[in-house]
Amino acid sequence: MIQREDFSNALSKSVGDKFTLENVISFTVELIVVLLLAFIINRIGKFFIRKFFNIKIKGGLQHERRDLTLQKLLENILSYFVGFITIITILNNFFDVKGILAGAGVVGIAVGFGAQSLVKDIITGFFIIFEEQFFVGDYVRINTFEGTVTQIGLRITKVRAFSGEIQIIPNGTIIEVTNFSAHNSVAVVDISVAYGENIEKVEAIINEYLTDLTERYEDVVKTPELLGVQTLGPTEVVLRIICETLPMRHLQMSRQLRKDIKILLDEHGIATPLSKMMLLSQPVGNTNV
Amino acid sequence: MIQREDFSNALSKSVGDKFTLENVISFTVELIVVLLLAFIINRIGKFFIRKFFNIKIKGGLQHERRDLTLQKLLENILSYFVGFITIITILNNFFDVKGILAGAGVVGIAVGFGAQSLVKDIITGFFIIFEEQFFVGDYVRINTFEGTVTQIGLRITKVRAFSGEIQIIPNGTIIEVTNFSAHNSVAVVDISVAYGENIEKVEAIINEYLTDLTERYEDVVKTPELLGVQTLGPTEVVLRIICETLPMRHLQMSRQLRKDIKILLDEHGIATPLSKMMLLSQPVGNTNV
Amino acid sequence: MIQREDFSNALSKSVGDKFTLENVISFTVELIVVLLLAFIINRIGKFFIRKFFNIKIKGGLQHERRDLTLQKLLENILSYFVGFITIITILNNFFDVKGILAGAGVVGIAVGFGAQSLVKDIITGFFIIFEEQFFVGDYVRINTFEGTVTQIGLRITKVRAFSGEIQIIPNGTIIEVTNFSAHNSVAVVDISVAYGENIEKVEAIINEYLTDLTERYEDVVKTPELLGVQTLGPTEVVLRIICETLPMRHLQMSRQLRKDIKILLDEHGIATPLSKMMLLSQPVGNTNV
Amino acid sequence: MIQREDFSNALSKSVGDKFTLENVISFTVELIVVLLLAFIINRIGKFFIRKFFNIKIKGGLQHERRDLTLQKLLENILSYFVGFITIITILNNFFDVKGILAGAGVVGIAVGFGAQSLVKDIITGFFIIFEEQFFVGDYVRINTFEGTVTQIGLRITKVRAFSGEIQIIPNGTIIEVTNFSAHNSVAVVDISVAYGENIEKVEAIINEYLTDLTERYEDVVKTPELLGVQTLGPTEVVLRIICETLPMRHLQMSRQLRKDIKILLDEHGIATPLSKMMLLSQPVGNTNV
Amino acid sequence: MIQREDFSNALSKSVGDKFTLENVISFTVELIVVLLLAFIINRIGKFFIRKFFNIKIKGGLQHERRDLTLQKLLENILSYFVGFITIITILNNFFDVKGILAGAGVVGIAVGFGAQSLVKDIITGFFIIFEEQFFVGDYVRINTFEGTVTQIGLRITKVRAFSGEIQIIPNGTIIEVTNFSAHNSVAVVDISVAYGENIEKVEAIINEYLTDLTERYEDVVKTPELLGVQTLGPTEVVLRIICETLPMRHLQMSRQLRKDIKILLDEHGIATPLSKMMLLSQPVGNTNV
Amino acid sequence: MIQREDFSNALSKSVGDKFTLENVISFTVELIVVLLLAFIINRIGKFFIRKFFNIKIKGGLQHERRDLTLQKLLENILSYFVGFITIITILNNFFDVKGILAGAGVVGIAVGFGAQSLVKDIITGFFIIFEEQFFVGDYVRINTFEGTVTQIGLRITKVRAFSGEIQIIPNGTIIEVTNFSAHNSVAVVDISVAYGENIEKVEAIINEYLTDLTERYEDVVKTPELLGVQTLGPTEVVLRIICETLPMRHLQMSRQLRKDIKILLDEHGIATPLSKMMLLSQPVGNTNV
Amino acid sequence: MIQREDFSNALSKSVGDKFTLENVISFTVELIVVLLLAFIINRIGKFFIRKFFNIKIKGGLQHERRDLTLQKLLENILSYFVGFITIITILNNFFDVKGILAGAGVVGIAVGFGAQSLVKDIITGFFIIFEEQFFVGDYVRINTFEGTVTQIGLRITKVRAFSGEIQIIPNGTIIEVTNFSAHNSVAVVDISVAYGENIEKVEAIINEYLTDLTERYEDVVKTPELLGVQTLGPTEVVLRIICETLPMRHLQMSRQLRKDIKILLDEHGIATPLSKMMLLSQPVGNTNV
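Protein chains in written order, with our numbering: chain A, 1490 to 1778; chain B, 1490 to 1778; chain C, 1490 to 1778; chain D, 1490 to 1778; chain E, 1490 to 1778; chain F, 1490 to 1778; chain G, 1490 to 1778.
In isolation and in its complexed conformation, chain A is listed as follows:
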């Protein structure tokens, strides 16, 4: 990182040597050539990647989710590769890059440890793809962030939230992944009825309603189940219903169930629980009870 001249003369001499007009022009020309080459190679590479996937699809070898993920990944790898070669070429004009990377002195320690999270990002990224943890288009929760995967890159993964924002997560910090698109989802609906109502009757009404639900709503995969009394409060009895739906349709389905059952219970005159309080009258003259 440090040129081997005497540093007290650094600016006047060594940097002066480097910054002659001749060198600056030669470096500028080289820089432009390198950037142009990088730009062209990147374009050509992307062209062939798309061509390949088109041919593959025409050849009937299509795996929808996997192909989209792979195509984006290959383009991503290509741009990193070209960018990496370009940066090294440019930096090489100023520093002894080879020497720094091979040595293990102070600079080596700092660079080696500083770069370890970069290496971890790439290794983890490789395994996410190899193990097919999720594909582009899946609805996932990564760490504390939920949304639809829009890109799985070599170093970062991009997820778009329900409310539109893009979350960019380095692969190395992806520790716990929850994939909501791999299996059917389950809607959980809790229904509160007043404590005084006949539970058996309420259960009968709800069970009757649930029997033909798979026919009425196509998102429902199998007949929902009324699990029973989830909580027993002083003013309310909470009944729980679970309903298996197509992946990620459970939120919409639980809204539908809530509305239907609310209307149903109103029709049968089942009361909803209210807060209740018993008021006691205070005996006159006794201020401390």
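The set of hints was computed from the structure by calculation and includes no laboratory data.
The calculated lysine-lysine pairs, modelled on DSS-like cross-linking and capped at a C-alpha distance of 27 Å, are:
id	chain 1	residue 1	chain 2	residue 2
1	A	LYS1751	D	LYS1690
2	F	LYS1545	D	LYS1535
3	D	LYS1748	F	LYS1748
4	D	LYS1711	A	LYS1748
5	G	LYS1690	G	LYS1748
6	E	LYS1751	G	LYS1748
7	A	LYS1751	D	LYS1765
8	E	LYS1748	C	LYS1711
9	F	LYS1748	G	LYS1751
Chains B, C, D, E, F and G: place on chain A using the hints.
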């Protein structure tokens, strides 16, 4: 990682040297051969693994939970092994892989530390299987996530939650494992009665109900126990019942107990506790009391 | 980790060399022999361990909690030892294990650091046993998990919770251990009485009840103590009682005390505190006060 | 770091040697020359950077967000580069900088590890720019801080919050980035109506209002959707509306929707939910219920 | 860690060589001798340690808290020392212990780093004793755990909580120590009076009571101080009293103060604060106010 | 760190050798000379630093915030520099400082790693100053602490809180900096009105008041904006106003706005929201509803 | 750490060699001599340290807070120094201390890393004293613990809390220090008045009271300021007063202000805010509103 030519000529020369038409074609052919070979070996390997387990089962040497776990694990190891050989073969066209892995310069430090969590994953994965911490099909809690184990791999474990989503957990981050399927579960049911009720009488009613529970519900392993007064509030007395059930049947059983006891106490006219408040009248003209 | 042939020929040559029919058969035979030997040695070892403890017990040298712990530990060490030898033997067919373990290149760093938590587990495990922090059968809290210890292994400790699930904790992550079985427990019972009651009188009633408690309940080790006024609220005075009991009997005893004192105070007509509120009347026409 | 003379004579001798009048003057002159040179080079460099971007824009090659980001970045890199050379030149008068950076003794370990977060900052900074995670002007959330990006530097990123303060974040600590400006935003509006109202009627009123919203407000990208019953409480039914808007216009739009629907529901006489409580009368003489 | 024979023959040869009957018997005999010797040395050592402290006490050189701490520590160091020699002796039969400890290959890294927390425990333990942070018998808070110290060992510290359980804390994790037994404690008592009461009068009553407290209760070290109005709420004025007591007697003393002052204020007719609420009447026909 | 003599003779010999009367006197004299020299150099240095800034200011080259920061920093660097030379000189009498700093044995590892946070402090401190993150006199939030910067040193930064206390923060732990003095601040004022009020009318009243605010209060930079309905509750409608003010004047300005608008709304008879509750009468004889 | 003999003979031979009667006696004698010498040197050193500070004070060179801190520190350094030499001397009888400290094998890594927090403690301790972050006697908050500093040692700092307990904090874990004794403190008092009161009038009353406060209470440094309306609730208007006091007198002063203003507002008949609630009557026969 860096080719030993002068980098200022990197794109024009060394990369140029590598990217002659001849090399690109030869590399492409090799790539296809390698990928095809990997695909075929993977298929053959999986075929033999399944064959083996079929023979084992026919031979009467079946251990249900263990066998399923082992079969999935062997397939997993096979695919990692083939994938590993394939990646190394491909990377070798670009980098001096052997040199990097043997050396201990800057790149070595970065790769070595970046890969340490990968090694930890594999070591921990090995011990999970060797120590039989859990099998495929068990209901477990890993860190903060609960669900049914669907795969125990060399590097990751997959768990499916009650509500359908798949959680993918690197083995190295599995610190505390709770296995719910290894033993009987215990349902804990708290019953609140009004403060004024006779506790002895309530206890008698509940105890009578509990005596023949093992006969009525097959999930109940032994006669539940009424522990006694858990909390003593101003308006309620909370009684706690514990009930040992078959593994993972405690949630359903506690719903049943809540319903049964609610109906039972209603029949005996035991009141449920209500919020109570004593209202005091304010003397006229005294605004600060 | 990487065979020293040219990797561009890896699959066609080196792997080909290794995967000749002859090698595969020879390896398979060896594998079966090794696994069988491991199985037999494990069985014989366990047989002798049990024999030894039987002889020890017959010889009158029994230390109940310690023996059970030790026996399980020895079986555990044996299985690790046999497993370790087996794994090394199998791996040796594929990699230069000796070279990897001796070298300190990239792979060495990754393995060394990845394995450090394994070493830490074993060291901590050794000290848990040597320092007799807890035995099999003790009721403990480890980190945030409470339960009865079922096994103390070289690498992991197993704890069974009250509600039946098994918690598996790597020894290296055991930082703070709380052992509830080593000493007598203390039940803490808080009794709320209405603010207007005579505290001296209530204290007298409770103290009288407490005097002969050691005779009535055998779990009570010495006469409980009424500490005094713990909190002084607007509507309640909280009195605290502490009661030393046999280890882990404090939960059941505090339930008993709560029930007894509730009935006692009801008999003496001591009122329980109620929420109280003073309602003020709003002067007509003044909407902003 | 330590001059190789005997330290017991350090002040009297070695420092004395260094602090002769001649040396101090020579150092002061050199210092002024170096600082002046650094100042001039910095100015010239910035002049050329701005010139270049002006030419680029005139040449019709403008990418608005990207150009502003790049220009600020180049100026930032220039000032770091000049500052770095200057500091090294000055320090070189006191310490054997080359020797320290090359060696790996105690000082080397301390400097190498102390500087690793600096290296990490620069590496992460490079990737933020290369991967176009966000540009100057974007509204982002970085870790726990939200605001508009004002500068992306080599080592730090500056974000200005809504309320005016500037947040300065080292690039290495940027773990999770959320970019709100990359896509349309979604306004989520929850409407509570009294439990007794007819849900179907309320839904019809709201749906009618929503149909022509894209025409009335230009921020609305497509017709909002009334999702249905989000929550079902004892006194209220909550309906949820989602509305896709232009990036970062969702907050203003949700305020507008809330106001419009409030007036709309008032016109149709739909009641808003109130807290309700049922009061029970206490039987005389029974103080414990 | 790995014997230098060819591992493919490991079980059949090298292990076979080691596990000849002769070796097993010789090892068993040696094992018994070593264990017996360790047992005897341990006993003798403890005998001399106790003897020494008895002589020291008889010689009038007693420092109560320090001696108990030191005696337990010496016994603890002795048992570690004997245990350490024993373990090394046994392990030496299987591994090349000397070689592992001297080398710095993969195994060395793993062991070195795995053992660093052990070294940290011992260093911290040494300083706890040397700096006399606390003695056996002191009431302390270590990290989040409070109790009486029962043992300060070389590696762990044992603390017994008020409720009887034993907490075992590795010395290296002891970061913040709070020692309650080193100085007098301070009881803090907050007294709430109704907002309408005359503060000056209440302060006079309490101050009069506090003046002769040191005479009535021997735990009180100096006359308590009435600090003044701590909080000013709508319905209550909170007055704070602080009272310096003997170490760890503040809890009992604050209970006493609460009871005394409660009775005192009742006698003087000072009202306790009640929740107050102003009810407004709703104008007829106006449902939206 | 350890003198190379035999340690068993350490006290009697080597220390004895060192602690001859002659050595002690010579060391004491040297110590006094070194301390005096350090004191004098420090004074002279500070004198010249202040002189320089006086000349600079007279020469018309003043940058107020930057100069104060720089002057304090230079004094700080001077005192560290002198202190460092002094300490090394003193320590050199006891230890082979040069040898320790050059070597990389056990002591080297401990010192190198122990000192890494010191190096990090200095590096971060340098960048805070170089990047002009904040100046002496700015109001900032550093990590969780807010206040006015009073000193930016090489190793620590001092911040004085609003309530007078000084916070001392090592530069290396400064991760996220928020600078409130760099830009105008924004006051956010939320106004609650009763649900039944006409929103359009309230908005008109507030908007009229806001139009000429820049003229009335000089802290207000531009006409505040009434954003609209922020929340829609059952009993209240919350309107939000934002008001850009001079840096750090937003707190005082929002107090002024709250007071003005409160008086304004009272004048126009706009009601403030009150909690409302609907009371239901309980049918006689039905205790369970 | 391990003697170079064959360990299988460790107990019988090498330990035997060491534990001959002759060695044990010689070691015991040496031990006693070393301990006595350490005790005497420690006493003499402390005597001279106190002497020196007495002379310094008599010589008129007193800096109160600094001198007490320095004296305690020097005694602390002396005892560490003597203790260190003593321990090394004793350990040297058992281990090859020099060899361990110089080598860098497994034991070296473990010791080096285990000791790094010790080195960090000493470095941080040095800077706390050098930078005069706080002195003995100051009231500080260190991390989460508040109290008066009683000792600043080389490795630990001791702080005594208000309630009497001693907190012992290793210097290396001192990250954020807040010093309350360096500057004047500020008392913040919030006064709630009923919503209907005239704010201008209340402000006038309070402002009149505040004008001559500096004369009445000597703790008040300058006339307190009434900032204005802090919060605007439905039933209360909160006014904030700030009052600069002498260091650490703000708590007592805010109690005084609260009491004075409470009496003042009562005299002027300013009402305190009460909770208010509007009750609505339920139309008959409509159970769902």
